[in-house]
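A.B. asks: Put chains B and C on the given structure of chain A with help from the hints.
Protein chains in written order, with my numbering: chain A, 1 to 818; chain B, 1 to 711; chain C, 1 to 98.
Hints in this document: simulated from the structure, not taken from any laboratory. Every residue gets a Cβ at the ideal spot worked out from N, C-alpha and C, and that includes glycine. Certain hints may be false.
[Said to hold, decoys possible] Taking beta-carbon pairs under 7 Å as the criterion, some of the chain A residues facing chain C (in silico):
#1 SER117
#2 ASN139
#3 GLN188
#4 ILE190
#5 GLY194
#6 PHE198
#7 PHE607
#8 LYS652
#9 PHE654
#10 LEU656
[Unchecked claim] As a list, the in silico DSS-like pairs of lysine-lysine whose alpha-carbon atoms are at most 30 Å apart:
#11 LYS701(A) - LYS560(A)
#12 LYS149(B) - LYS52(C)
#13 LYS52(C) - LYS512(A)
#14 LYS502(A) - LYS223(A)
#15 LYS668(B) - LYS52(C)
#16 LYS569(B) - LYS42(A)
#17 LYS52(C) - LYS226(B)
#18 LYS569(B) - LYS223(A)
#19 LYS91(B) - LYS143(A)
#20 LYS647(A) - LYS747(A)
#21 LYS149(B) - LYS223(A)
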Amino acid sequence: MMLTGNPAINKSPVSGKKSIAKPICYHCGDECQDNSIAIEEKPFCCNGCKQVYMLLNEHNLCNYYNLDNTPGIKAKGKFVSDRFAYLDDESIINKLIQFNSGTQVNVVFQLPQIHCSSCIFLLENLHRINEGIITSQSNFQKKEVFISYNPNLITLRKVVELLAFVGYEPSISLQDATVKKPVTYNRQQIYKIGIAGFCFSNIMMLSFPEYFSGGNVGVLGLKETFSWIILGLSLPVLFYSASGFFSSAWKGLRQNFLNIDAPIALAIVVTFGRSYYEIIGGSGAGYLDSATGIVFFMLIGRWFQNKTYDSFSFDRDYRSYFPLGVTVLQNGIEKNIPVTQLQKGNRILLRNEEMIPADSILINGSASIDYSFVSGENAPVKKLTGELIYAGGKQCGSAIVLEIIKEPSQSYITQLWNNDTFLNKKNAEKSFIHPWSRYFTLSLFAVAISTLIFWWMYDTAKILPAVSSVLIVACPCSLLLAATFTYGNMLRIYGKNKLYLKNAGVIESMAKVDTIVFDKTGTLTQTHESQVSYEGTPLTQAESDAISCIARQSSHPLSKIIGTSIGNRNQTPMIVENFKEYSGRGIEATVDGIEIKMGSSEFVNQFAKGQITYDNGTHVHIMRNNVHLGRFKVSSQYRVGLNEVVKSLQHKNFSLNLLSGDNDSEKKNLEKLFGQDTSVLFNQSPQQKLDFIQSLQQQQKNVLMLGDGLNDAGALMQSNVGIAVSDNTARFSPACDAILDGEKVQKLHQFLSYARAGKHIVTIIFVISIIYNIVGLSFAVQAKLSPMVAAILMPVSSITIVSLATLLSSYSARMKDL
Amino acid sequence: MQVEKFNYDNRIVKNFAFATILWGAVGMLVGLIIALQLVFPVLNITQYGSFGRLRPLHTNAVIFAFVGNGLFMGVYYSLQRLCKTRMFSDKLSNIHFWGWQLIIVAAAITLPIGLTQGAEYAELIWPIDLAITVIWVIFGWNMFGTIIKRREKHLYVAIWFYIATFVTVAVLHLVRSGELPYTWLESYSWYSGVQDALVQWWYGHNAVAFFLTTPYLGLMYYFMPKAANRPVYSYRLSIIHFWSLIFLYIWAGPHHLLYTALPNWAQSLGVVFSFMLLFPSWGGMINGLLTLRGAWDRVRDDVILKFMVVAVTAYGMATFEGPMLSLKSVSAIAHYTDWIVAHVHVGALGWNGMLTFGVLYWIIPRIYKTELYSKKLANNHFWLGTLGILFYAIPMYWAGFTQSSMWKQFTEAGQLKYTFLETVTYMKPFYAMRSLGGTLYLVGVLIMVYNIVKTVKAGSLVANEPAEAAPLEKVYVPHTGEHWHRWIERKPVQMLIISLIVILIGGAIEMIPTFLIESNVPTISSVKPYTPLELEGRDLYIREGCYNCHSQMIRPFRSETERYGEYSKAGEFVYDHPFQWGSKRTGPDLAREGTGNLKKSDGWHFRHFREPSSMSEGSIMPAYAFMLENDLDTSSTAAKVRAMRTLGVPYDQGYEYHAVADMLVQAKGISDNLITDSIRISPRKEVIALIAYMQRMGTDISKNKTATTNK
Amino acid sequence: MFCFDNAQHNKISSIILLSPIKTNPLSALFLLIGFSILIAGSFLAAFLWSVKNGQYDDDYTPSVRILFDDTIIIPQKPKKVKNILANNPITNTENQKN
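Extracted from the complex, chain A is given alone in its bound form (with noise of 0.2 Å):
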């Protein structure tokens, strides 16, 4: 399947030939094992695939295959056809058609599978394979196609039918919320433009006689209508044209604040001003082809700074780094991949407390929904199978299997992350630029006023050039964009090295952390690579199973490791009922009549009544039916790596502390990674931690909390910066600042200089665009600068800062290899 940006080349169509390497299909371009599917020797590497050949050769389509090379999008077989069930139900329809009137009606769905010429082709010609369809016609750069149809002839579920059966599954999405309207260029900005610049290139014409023979034209009654053609002209670029300017300049003005389009408002008028003062007094011959040059320039300056925004902006789509993890049932294997890789139809695991990625259906097991991320409200929802369940939610319970139905989208998960139930004040965006920008327009027209004084009392003629490029060279926008763009930048770099960031401010305030909390389960310990043995009373076959079933049922590392260790892997699911999870402590649950309780040594002395001895390293102890039968004892493996980051923080003179929830067995081992000045502490509660950071905090200390977000959320929250470190599971506390993935733990001491350097280039930035805008007012206060170009200079500058922004920000994090 070719998928190429642009259409793609086409070379001569393959006639199907026979080559000595497997025969390519006709359709879709795969290898087919033989060629026992064939039409008049044209190989097919399935069914699917000779059937849509079929179906377009009847209706003479075959232009298809000879627009562009192997086009077709693999058939994938059979496909259920109740699974376009929904589309039948009036709600849903009225939801997606745009217009309906009884004969005729008009759709328009997203198809991500358009890539080439014969695509086009094919949508296009759709009203030959099926009357039922009046016209349709695909707009290649949104990959989407505007259907009109027939309902007496054709309903929706079977257009959409036929668009899967030919390849082009349409891409719905139930929750329009989500789907922003993509956005049309404002056609008033381009009206705008259009007449400046035709008003702007015709003024200098009709000036041509005024520059060339230096004011005697040597004919009579030339200069003076060529001067009112001039005017006639200039009146559509002041009143239409330079519009934006001053009602932008007149909002900021209500509310008493000088914005930056004050300042050009004011030269503009100015100078239009002027020139008409001359023009119609006859005293000159006005400065309107610098006027309109003026606003000309202006407004493609600002529409190329909207295009740069745009190529620039982190549209915070980090689907390809979010660091969340899934596992995925194929054909019974549990297979555990990033989230990024979901695709429709995939069959997921969710264990307890693990975030639904994806709008997907119930497929078994019971299912408890906690919305309160998506929606506020912790009730926990029942779902039965079959049901739709929308991303977001949380699963309280045992493990369920769930199929995708729709694209797992990172950006709404963000965007849940982001709202303000979770957005504590401490990290909230605020720059330091910000009171600048309201003294700079201040500052501006008193130089302004200045240099307006100043060659009052010298040259009078010099006036107007000098005020109106003063007003128009300054640029502060370059102010408020250094600090954006650069973080912009950050966030997109630190997303790539899997460290993802909630926001910008959360950069600002790692660069002023000097103190850094660990945890130890979790964080510094590895867990799929460390060792499980068993103590106690043998298990017998159908014990382990059980175990190893509600293991596998919760997150939490421990009983990860434990429920990948022990039991075979590919028994059928057991049932699992009343299932019940104590966050980080324990979990209970019968299995096939077995009740089995699995947890910390404190968790099962509760029901075991003194029957544990205290135990040195981490263990994890199983009763049944209320008898201890044993524990297990995982020896947990730390992060490789881990002693040069210590080195190299310590080395940065950050203090270092440990917090950690479990038993000191592994004391002097950590001693000796941490150095004798680390205070370590254990059998810390959740409680305890939090009140270890604030006393930190007391201490005028920014503190870095690293942990796990399992049992210490409420530290995380109250630390200056809370870093979540996650194995690729699926849960996700929205109480941290940043979630790391596991591997990349070592490079802390990387993200927090490179946090560093970003505060050092927007200071540069600031400094450069203050010395741009000394400069730029020191030529125009000597009237050296013409005004026309100091409208050119503007936008540069502020292009240039831009620009400078994102190439010093990737230029250092290329030094920190990040």
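C.D. replies: Relative to the frame of chain A, chains B and C by itself:
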């Protein structure tokens, strides 16, 4: 709202295609003849076959007949497919076709017999001008009708090019047809001297721009993607290219008048805008060529693509050379030389010719539902055509450089190194090679004719090609504030077209005369109107098309003032209706023929007109012996004087009644001179009037030295 | 020989409104510039109409759309795969079985 069935009209396309081929062959044959006449003057057979009269026939035939029919064929084929509808009305299409062919035939008759207006590419007499206006309006009416009842909402960029062509050529033609008829067949241009020059070249350049380039860009944007079966390289670039081209093209006229008597700032205006023209034109060329990126191997074996690639490359070269030529320093070298002829023919043979052939080879097999008769022959035509262009352009470039440098060469002693005649005889080999190139190109065209005829015989015309498309429903675009839009949509198209025409004609008729009548106050007091005999002589000069080889504009260069005398001032030409500055110096400049060491005796002129090579050895000027036999037709002299007076030339009231008598007096004076030179001729002969005009050339300025010459 | 007396020529001067234009030799320029602005203005209007009419909403697909010809090809030879798809529920509406 069901899918509608309708038919495309291919018959009109076939008609225009055949007309293109016919007039192409005829036009190029005339071109070959006049090329050979420059090599062998003996080929100027009879007064109807002289170079002066055939060259305008060649230019009008190739531009309006060959390229005209070619663009109409392309427009009628592509407009229907792009709008997914049949032409607005078959009646209008037929009137347009037969009307245009009638105009061509009329031109083919009037030009050889000497009925011309003396303005390059606008030689046709005023009744034909009116016919052109009417037929052009019918074409526009038909086109806009088709566009308004289209079934495809989006106007493909090619349609915008067709619209631009129609609107602009309409206005150009109206402004250039500003002429005052004084008999049923003849007229004088309203404008005079400098103004006529400005209007002529504003029209001349924009006729090239909007008749030879814009519609053909439209054809390229439709037929090239169709031939290559691939979308154009960047559709967005083509939109930007169109709008920038349209805004800029219209100002570029004055670059034809660099270093002439046109005021300096007007010349610079032309230079700046012609240079800015380079970018939109090259935008088009790049867009065309890059459409084939990645498919160059297909160009190797598809002759239609080969034609189109050469066409677009030639367009690129010609539109690069144009802006360079419009720089004052380059124009100082190239103006009036054969370099200009080379530039024109790279554009015409390369861009217009090859693209028309490509489109013909693409369309004919389709509308005849058959394969092209022989691909090999088409390939031969391609190679002959390409070689023809090379053999045409290279000798002319070479000739242009040599001519210009020989004119400007000075000996150490400060004398002109070469007499003008030496430069002319030196050009013989280049003119010979040029006619070889022309022959190759013509042979290629004849091969095409054979190939097309065989193809047509093999197939059968699908006069009405069935097609189906859904009508354009106004259903899903409910805009508020559509009031104006709906009002225009509802109004019938006729009202729109008529109102446009009325405004233009009304404006033109009442605006122009008021400007021009009183405005020609002579800036040079010594310049006087022509005497009736000189006026008749000047009309003979125009009739014989002497401006095709001779210029009447001395540029302010030392090499020219040394050779021809004082450089020409704007004031000298105020009474010249039409201006005869000319644009090519195959023969010497005649602006000061009557003054200084250039002045020759009446007898010299008499013998020279009878047999040019007798007075100047090796001259390639045709012989005008017939002017010694033909009597001067003085029937319309009175009407001419009256017409001139209405155009502002200060003849006294009632002078026209005794103009003929005065003429006889002056003629007798000349014939008496000739007797002293032992030449016996009656004063009524045409040659006398021509000699009178020759002797008057440029004499006004030196009449009283004290004349105030302020330019 | 023939002398012309310049004095009489303005006897027949018509009343001209734009008097400044009257007395300069380049008044044709007004005409040219007048018409050029007229044409350029009409193209500006056409430009504004085209943007308003939404001609440039989709600036890629039209370039591909011209490649498809919508002429109906009357299939000469009978298609042997005619009714294989007859029983397929998707394509033909009349024999819909669900």
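A.B. asks: Now look at each hint and say whether the structure bears it out.
C.D. replies: Structure-based check of each hint:
1. SER117: Since the shortest Cβ distance to chain C is 5 Å, the answer is holds.
2. ASN139: Holds - the Cβ of ASN139(A) comes within 7 Å of chain C, reaching about 5 Å at its closest.
3. GLN188: At 10 Å from the nearest chain C Cβ, GLN188(A) fails the 7 Å test, so the hint is violated.
4. ILE190: Since chain C brings a Cβ to about 5 Å from ILE190(A), closer than 7 Å, the hint holds.
5. GLY194: holds (5 Å)
6. PHE198: With a minimum Cβ separation of about 5 Å from chain C (threshold 7 Å), the hint on PHE198(A) holds.
7. PHE607: violated (57 Å)
8. LYS652: violated (52 Å)
9. PHE654: Nearest chain C Cβ about 53 Å off; hint violated.
10. LEU656: violated (56 Å)
11. LYS701(A) - LYS560(A): violated (36 Å)
12. LYS149(B) - LYS52(C): holds (19 Å)
13. LYS52(C) - LYS512(A): violated (52 Å)
14. LYS502(A) - LYS223(A): violated (64 Å)
15. LYS668(B) - LYS52(C): violated (73 Å)
16. LYS569(B) - LYS42(A): violated (79 Å)
17. LYS52(C) - LYS226(B): holds (29 Å)
18. LYS569(B) - LYS223(A): holds (22 Å)
19. LYS91(B) - LYS143(A): Distance of about 43 Å is beyond 30 Å: violated.
20. LYS647(A) - LYS747(A): holds (12 Å)
21. LYS149(B) - LYS223(A): This hinted pair is violated, its Cα atoms lying about 46 Å apart.
Comparing the model with each numbered hint stated earlier shows that hints 3, 7, 8, 9, 10, 11, 13, 14, 15, 16, 19, 21 do not hold.
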